[in-house]
Amino acid sequence: MNTAQVQITHYPHRKCKFSESVDLKINGKTLVTPTFAPRLKSDGDMKVYNTVRSLFAPKQLSAYVVRLLDTGRTLYSSMKKTAVSNLIVDQMTLDNQFTPKSGEKVLLIDPALEYLYYVTNMERLANTPFVSRTVRDYITKFLEKSKKMDAAKLKGESEDVMGKNLFRETEHTNFWTCVYKDANMRMKLIRDTFNVELKAKTDVLIPPVPLITSSHLLDVAIDMNEKGRAFSPALSQDRRECADYFVLKPTILKNEHLMSTIKEYVSTSESPLTLFKFKNLNLCDENMALERAAFKSFLMELSLVSQQFENKAFGLLESGNQTFPAAFSSFAIVSTGFNLDREDRRKDQKDIPPFANRYDRVNMTIQDKSTFMKTMENNGHTIPCDCKVCTENPSIPENDFIEYNRRAKEHYLLCREQEMTEIINAIEKQESQMAFEKLQRSSLKNLIDVIPR
Amino acid sequence: MNIHANQHRGKEPKMEIGTPKVILSPEEIQALKPTERENYVRSLIKNILLMNDNGVMASEIVDSTKLNRITVTKHLEYLVAIREAYKSDRGAGSIYFINGRLIHPTDRLSVPIGNKVYDFFKLENAEGHFVFIQEKEQDELCSKTVKGGIMIRCQDLLQFMDGLQKFKTLTSRASNKMEMQQ
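Sequences listed follow chains C and F, in order.
Per this note's numbering, the very first residue in the first sequence carries number 1; after that it's consecutive.
Per this note's numbering, the very first residue in the second sequence carries number 1; after that it's consecutive.
To be clear, the hints were calculated from the coordinates, so they are not data collected in a lab.
To give an idea of the chain C side of the interface with chain F (calculated C-beta under 8 Å), a few residues: (1) Ala183; (2) Met187; (3) Glu226; (4) Phe231; (5) Glu270.
In this text, a Cβ means the ideal position worked out from N, Cα and C, and glycines have one as well.
Work out the full structure: start from the sequences and follow the hints.
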């Protein structure tokens, strides 16, 4: 007598052209969409999120995302610090002590296997025990080969050595081809990933999928989604719903064939929740006109699917600058890190300033400390923001970067909460112009082209 | 397309039963751990029963899933034993049905007692309306596993509860007597 773990309730008065706000019930927890799910990557982020939730009771921040490689320092780190005062007498007590507490919030664990392709975080992925051994073994071999290539290059044998990008592309495709062909390897990867997700008390299972860079890898991703979904009941009878997941390179947006395959799959898939991630996508860039048009058509298609099928919802992970238009159009869940997912784009990791960037709610983008201080100076030394964090703390801790960063994060969450609330209000009042006007006033003017109308 | 379970079933041309869109291949099933394999096959068979309101025969499941006949029959019998399914003997073979559907989505109640949960459902199937009590146990991943179940006809429920009450009185009297004698 198991009932569906993801249920969607539509309301006629919460619909406006291509936008809709629904009640999305995941594992017994209800989200009023669009929901902003911050991506948390440390227990500091977790504390900020919990503080904002307890102090301001935001309704649109009822979900959060943790990448698999961050689960240790985000979900389990507080447990390490807790001294086990009592003698553990049975397995149940042990499990209670070392299993994250599930709360009212929806937790999504992102397997984030795009780092098998992108070198950033690759080493971290290799060293985390939360990732399947299959993945760790691949990375170890990849890094060894990569070092050998570098050494060969230094010796002046570079002409015989394959280009680094080509090498990475080939190795990545080969790994996923092995997964695709070898049933043992495939099921081990899915099982290991799901087990970690379940142990961390995820509310939806997300299968491990490759970063899609070619049509072959799209086939692999579809296969992994289908097999993950078929396998999920094997782990427990009281099962979690298994979402479909696609991680794409932004260039894929321009590939009509691949995009139409994805759209077709999404509309016929049995999974009620489909998550997308366009890695490092910034549609605000002047050179992304084609991608913008493709993204608009994609949003339109998803919007039609979610309105046509009773039980279909979509989520966009690492949505970056696209957060607002995506939430306004068809995505029930949108998610970014506190710095709008820019950390992967930093070329030199050593030059990270201690002061975090702050979100500018008018420009809808982030600004560094000096720009923020200048803006504040021009605003008569008051923070140009009326969120509760900024009004309750009118002075800026200029020399205390810990406090500065904490407030910047709390401010970011409240800004996103307000944006999501504005979207819901606009939908209910049938004011579809609101999104265009808001983007027009911001630095994301280019994204006006993205919103379906 | 589903076939209708009727007495002339054996004479009808074989038609495919409804199955989930994706079924793991024999190699993939082989790659699972024994407990996962059991859970997977059981859930697959239960899904097939859910998708075929008119019932299915073990041989039809074997044909469409390529699973071993003994495995299929074992799981079907287990589902019958925990009252998730029931079977009807027709001629040469048995036809298995899912044990009804909820009459109304709200006709359910969960009563947690210790590490067990007793779920109550009001179901409807071809044989009438039933109260279905299912016993579930929580494992280390906090997921629940069905351990058993009982179906009681709605019209017999009061009688059943009377019986339960009588039994409780009977056993408490007996234990009181024992205490007195000691």
